[in-house]
Amino acid sequence: MTALQSLPTVLRRRRLMAGGGVTMTVLRLIVVYLIALLLQLTFFTQVRVAGVAPELPALVAVLAGLFAGPRHGSMIAFWAGLVWDVYLSTPLGLAAAAFAVVAYALGGLTEDLFHDTRIQTVVLAFAGTAAMVTAYALLGEFVGQRGLVDDRLPRVVLVASAFNAVLSLAAVPAMRWAVGSGPARRRARRREPLNAPRTVR
Amino acid sequence: MAVAQRSGRSRYRLLLLILTAATLLTLDFRGFGPLETAQSRVRDVLQPVVSAVDVVLGPVAEVWTVMFSYNDLQEENARLRDEVDRLSSADIRSAAQQDAFDRLLAATAVTYVEGVERLTATVLRDSPGNFDDDVISVDAGRRHGVAPGMAVVTAAGFVGRVETVDAVSSTVTAVSDPGLVIGVRLLDTGDVGLGHGMAGDPTRFVVDAGLRWPETGDLSELPTIGSAVVTAAGSRYPADIPVGRVASVEPAEAGLAQLVTVELSADVQDLGYVTVLLQAPGDEAPVGPDSPFPQESP
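Chains as they are written, first to last, in this note's numbering: chain A, 883 to 1083; chain B, 1080 to 1377.
Same shape as in the complex, but just chain B (with noise of 0.2 Å):
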């Protein structure tokens, strides 16, 4: 009778967590402040124990990385090697100082945006989960001016979008999410869809949306194998970011529908820096009846 009653209560309470989990998960969703607000918070106490822990232990975690990467040290051992005998007047110090600026300036020097004030920042680390490759951190955050849903950049291009912010850092979830819709401009048809990353392959994007196949089967219509591609103006981005190059158009949708597949111009899985676009973020690009972009549907 008790063992009963005990098991009554323990699958009550069981259901009491299952309906505070699906409360929590809605609240979210639907983008309630005070939550986000409370993550933030907890996120910005453990901050610098994250900071200190992460000193201590980076150096063991190397050793780690030096252990398993010991035939790609091997290859990139030898190429510096020839590196060194091309400059042998350099000395390691002023190469690593290089390589820095390089990648700094690779991702400060943003040409293709005017009139957005920007902010340059530090990639932190990467996501923490197996299921979130396609999260950074970087150093910059509410005190900088950051605000969620601002574009992240580098020279080459669109980098991603600040997903969460707190005091002093920011989770930037990258263009390969297959969860980031973007609103995009084919420069070669002046077309405009929409596209996300593909599950699997972070150097990929498709615009599966919006693109019509032409009616008259003129496959001169379709964008060019290598033609660039853009943020669109009625993206929630600033408009004309470097996304990437086409890299094949397919028929979709029972041949009624475009699939184009692009090649993206940025690397996101090695990032050193990156810029912040400081620039308030449009609404959702709403995909559907009220999308502002083209409707092809047949």
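Just chain A, same shape as in the assembly (with noise of 0.2 Å):
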């Protein structure tokens, strides 16, 4: 196994490592998530632009995706999927799914991305709920449930999603302390050598 082949997972442990292992890391997860549904299930019920509310448990999926990569943030996102679908009167299974597979092929199209700038978190946070929420209102359609995809969808995909975007400038450094992200996920997308310094921006 060459040094460059093993960097990715010398990087992961580091970083779980740096954080204090995978429970912090989950608890860590956990806390940032709660947030998200509390403030979802109470303060966004109320305050919403032409009727709709953000989505932030596809917020927290889609920064999963994007600061844990593919096959943790599939995962995240499909926990995050599920529990909000405890509330919500669609059956069980359905955002997890969604949210697992945007996750998933949104850490997959973005790991080998050079930059990490704001206004790309913000750009793709808007993509990947846009993402979400369309393939929630399909998948959702397709198991046989009624007034998900109608005329009124257009304007919650768009609405929703310029919500989170303008919310991911907040949670981004939340979900980065969650998954022990930042420097060492830039450095893994530059695949730089760990021994690298940091580049000051």
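What the hints contain is simulated information worked out from the structure, not anything from laboratory work.
Ideal Cβ positions, reconstructed from N, Cα and C, are used throughout, including at glycine.
The reader is advised that the hints may include incorrect statements.
Claimed, not checked - The calculated label-pair distances, taken between Cβ atoms and stated as ranges, are:
| # | chain 1 | residue 1 | chain 2 | residue 2 | range |
| --- | --- | --- | --- | --- | --- |
| 1 | A | Ala932 | B | Thr1303 | 37 to 43 Å |
| 2 | A | Leu916 | B | Ala1333 | 53 to 59 Å |
| 3 | A | Leu909 | B | Asp1161 | 54 to 60 Å |
Claimed, not checked - Over 12 Å on every C-beta distance to chain B, these chain A residues come out as not near it, computed from the model:
| # | residue |
| --- | --- |
| 4 | Gly903 |
| 5 | Val904 |
| 6 | Thr905 |
| 7 | Met906 |
| 8 | Leu909 |
| 9 | Leu919 |
| 10 | Thr924 |
| 11 | Leu995 |
| 12 | Ile1001 |
| 13 | Val1005 |
| 14 | Arg1037 |
| 15 | Val1054 |
| 16 | Ala1056 |
| 17 | Arg1058 |
| 18 | Trp1059 |
The task is to assemble the complex, starting from two chains supplied on their own in separate frames and drawing on the hints.
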């Protein structure tokens, strides 16, 4: 096994160790997700734009895909969707499946992105949310749920995605902290050696 | 090589997640008891936290609501000023109490159902999701004797059915939900059919199954516009609960069936209180060969 081949594994291990291990990462993710869920269940039942609320569980799933990669991101997104399903009128597993698939795709597509800029994350949060909400609605219709795909869907997708894109500015630091991401992730993306100095932005 | 292996493992894991979701979906569709209990327990555990956060963030959310409904508030303000002029002796507090009392009376003064135990519940909040406009939460649950499938009404008529029941709260699917199928009877003609809400219009309901267009072509056999529509005796809910009034009748299925649009009698968008009819729900109203309703197929 070459040094380059083992780099992501070593980085992942270091990242988890740096954050206090897998248990601490899971606990941090639970904290961040619970905050998002509580805001969604309380504050954002009233605070809406054009009758549409943000999709904070989807935002957590999108950022998990971006910061934890397709493998771990899809797992986090699955659980985020599953808990969100508990509060939705649609069948259990619908949001979980949609979130996991989109987070996987998003994580895979963005794994080799060269930069990790704020504007890039905002755009990806918008696109990821749009994909998740659309996938959720289409999958729901596919399994026989009425009223998910109608003329209101484009408005819901656009407004919820825009809402999430704005809120991602606050959510990104929280998710970076939760997944123990940040510099290590960026370095992994650039395929830099472990002892390379950090770039100051 | 290692990258390919990792990618393969990732795809394998995603496949497992999708299979898990598909299994959960199947179990949920089949009404697998332990799964529903588990969901209910999760909601029960989080309910006190949700309520506490709601109390803390409620005023902040109110500020947002006030900011973005300024025009509406201006109109309402003008109307209230007129009202204050007329009722100069009444203070705002008593007016608010009167409003709450009126809403409570509207929800509890149910005169059309007899012999059924009732429970008055307060509407807690609207749905948290973007696709659940027709779902509301009420503060009555398992501990109060509420069970899934029970009818929820106001004095105006049918509001919806209890969907999920937790310890102290429940969700109600409103009659405006296109997915909620209800057996109804048209009082004018006595015909019985199946209807559901109309997507995007929470004030209307459409009866699109079980009603045949008059073979003779005699339009006097059609229900009169404005005639009442109630729940049918064969439906899963108590009979004769007002649903609404006929708004239009159109031919459907190449002129062989009736498509009856009904103006709902209950306003499901502005509910303060509701009454839950504590009667064990009947079986799901079957659609098709086993339907208790007349088969009007050509």
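Status of each hint after checking the structure:
no. : hint                                : verdict
1   : A/Ala932 with B/Thr1303: 37 to 43 Å : 39 Å, holds
2   : A/Leu916 with B/Ala1333: 53 to 59 Å : 54 Å, holds
3   : A/Leu909 with B/Asp1161: 54 to 60 Å : 57 Å, holds
4   : Gly903                              : 20 Å, holds
5   : Val904                              : 16 Å, holds
6   : Thr905                              : 20 Å, holds
7   : Met906                              : 22 Å, holds
8   : Leu909                              : 17 Å, holds
9   : Leu919                              : 8 Å, violated
10  : Thr924                              : 4 Å, violated
11  : Leu995                              : 17 Å, holds
12  : Ile1001                             : 25 Å, holds
13  : Val1005                             : 21 Å, holds
14  : Arg1037                             : 9 Å, violated
15  : Val1054                             : 22 Å, holds
16  : Ala1056                             : 17 Å, holds
17  : Arg1058                             : 21 Å, holds
18  : Trp1059                             : 21 Å, holds
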